[in-house]
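Undergrad: Sequence:
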Amino acid sequence: MTRIAFLGLGRMGAPMAGRLLAAGHELTVWNRTPERAAPLAERGAVIAATPAEAVAGSDLVITMFTDAEAVHDVLGRAGIASGTLVAEMSTIGPDAVRALRALLPDGVALVDAPVLGSVPHAEAGELVIVAGGTDADVERAAKVLGVLGTVRHVGPSGQGAAAKLVVNAGLVAAFGALAESVELAARLGLDRDTSLDLLGRALPQAGRTLARRPDAPVTFTAGLADKDLGLVLSVLGPDAPVLSAARVHTAAAVARGLGGADITTLVPGEEIF
9 MTRIAFLGLG RMGAPMAGRL LAAGHELTVW NRTPERAAPL AERGAVIAAT
59 PAEAVAGSDL VITMFTDAEA VHDVLGRAGI ASGTLVAEMS TIGPDAVRAL
109 RALLPDGVAL VDAPVLGSVP HAEAGELVIV AGGTDADVER AAKVLGVLGT
159 VRHVGPSGQG AAAKLVVNAG LVAAFGALAE SVELAARLGL DRDTSLDLLG
209 RALPQAGRTL ARRPDAPVTF TAGLADKDLG LVLSVLGPDA PVLSAARVHT
259 AAAVARGLGG ADITTLVPGE EIF
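Going by our numbering, the sequence shown opens with residue 9, and the numbers climb by one from there.
Pair by pair, the computed Cβ-Cβ distance ranges are:
| hint | residue 1 | residue 2 | range |
| --- | --- | --- | --- |
| 1 | THR58 | SER90 | 18 to 24 Å |
| 2 | PRO246 | GLY178 | 21 to 27 Å |
| 3 | LEU198 | THR58 | 52 to 58 Å |
| 4 | PRO113 | VAL243 | 55 to 61 Å |
| 5 | THR202 | GLU50 | 44 to 50 Å |
In the EDC-like style, the derived pairs of lysine to aspartate or glutamate whose C-alpha atoms are separated by at most 16 Å in a straight line are:
| hint | residue 1 | residue 2 |
| --- | --- | --- |
| 6 | LYS235 | ASP270 |
| 7 | LYS151 | ASP67 |
| 8 | LYS151 | GLU34 |
For the record, the hints were derived by calculation from the structure and aren't laboratory data. Using N, Cα and C, we set each Cβ at its ideal position, and we do this for glycine too.
Whole structure, please, built from the sequences with the hints as guidance.
TA: Written out as structure tokens, the structure is:
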């Protein structure tokens with residue numbers, strides 16, 4: 009059993025803390041609005057009045073806040089003791105992780121471990137946790153964080169935070185493109201449910217396409233992609249900023265003489281992951 013201080017009980021933090029409690033860990037929680045901690049207290053968690061009170065005597069301190077300012081503010085005044093491990097699970101970016109490292113006292117270990125997934129995944133223990141830190145620190149954290157999902161060590165300190173930004177960049181942009189695709193369906197008279205079903209079937213192919221070997225046969229050329237986006241934009245015009253931005257990449261590939269190359273040529277590097 010590990011003594012855990014969990015700071016930040018928002019939409020994600022509360023179910024994550026609940027799973028740690030259910031796993032039998034000794035849990036102390038703190039939140040700016042104490043009433044959010046009440047359901048956990050009913051299950052055996054201790055509610056701390058201050059961050060310093062929460063972290064006192066803890067083996068592991070977990071933070072789950074909205075932004076870097078909150079993380080730095082809370083941990084900067086918590087007085088964490090040497091030998092404690094901090095798992096920073098918010099989405100704050102690698103620069104903020106480096107600033108946090110400088111803020112923490114000597115002897116305090118730090119793992120940046122943001123999560124991929126949303127509330128249902130947190131409740132089910134099916135998060136993917138992208139962790140940055142030393143092998144020893146990540147291994148130590150994973151013994152506890154494994155209750156929350158799958159821990160993937162992606163590199164040294166800051167790389168977990170970096171990986172989360174990479175994933176969110178693609179995810180948010182994809183939702184923007186989906187919104188414009190659904191608008192295209194509406195303007196062309198296609199049923200919304202039909203279009204969403206077709207998009208849901210097609211999009212997973214993108215990941216499989218990126219995972220192909222560089223010498224794999226061409227399946228969809230950059231030139232055809234550029235032509236198709238031209239047709240799309242002839243319908244949506246200025247109402248499609250995300251797809252317009254995508255066409256900047258296809259048009260540039262065509263201009264470089266890569267119109268006959270596979271669409272994966274739009275992604276730099278020989279290997280994606």
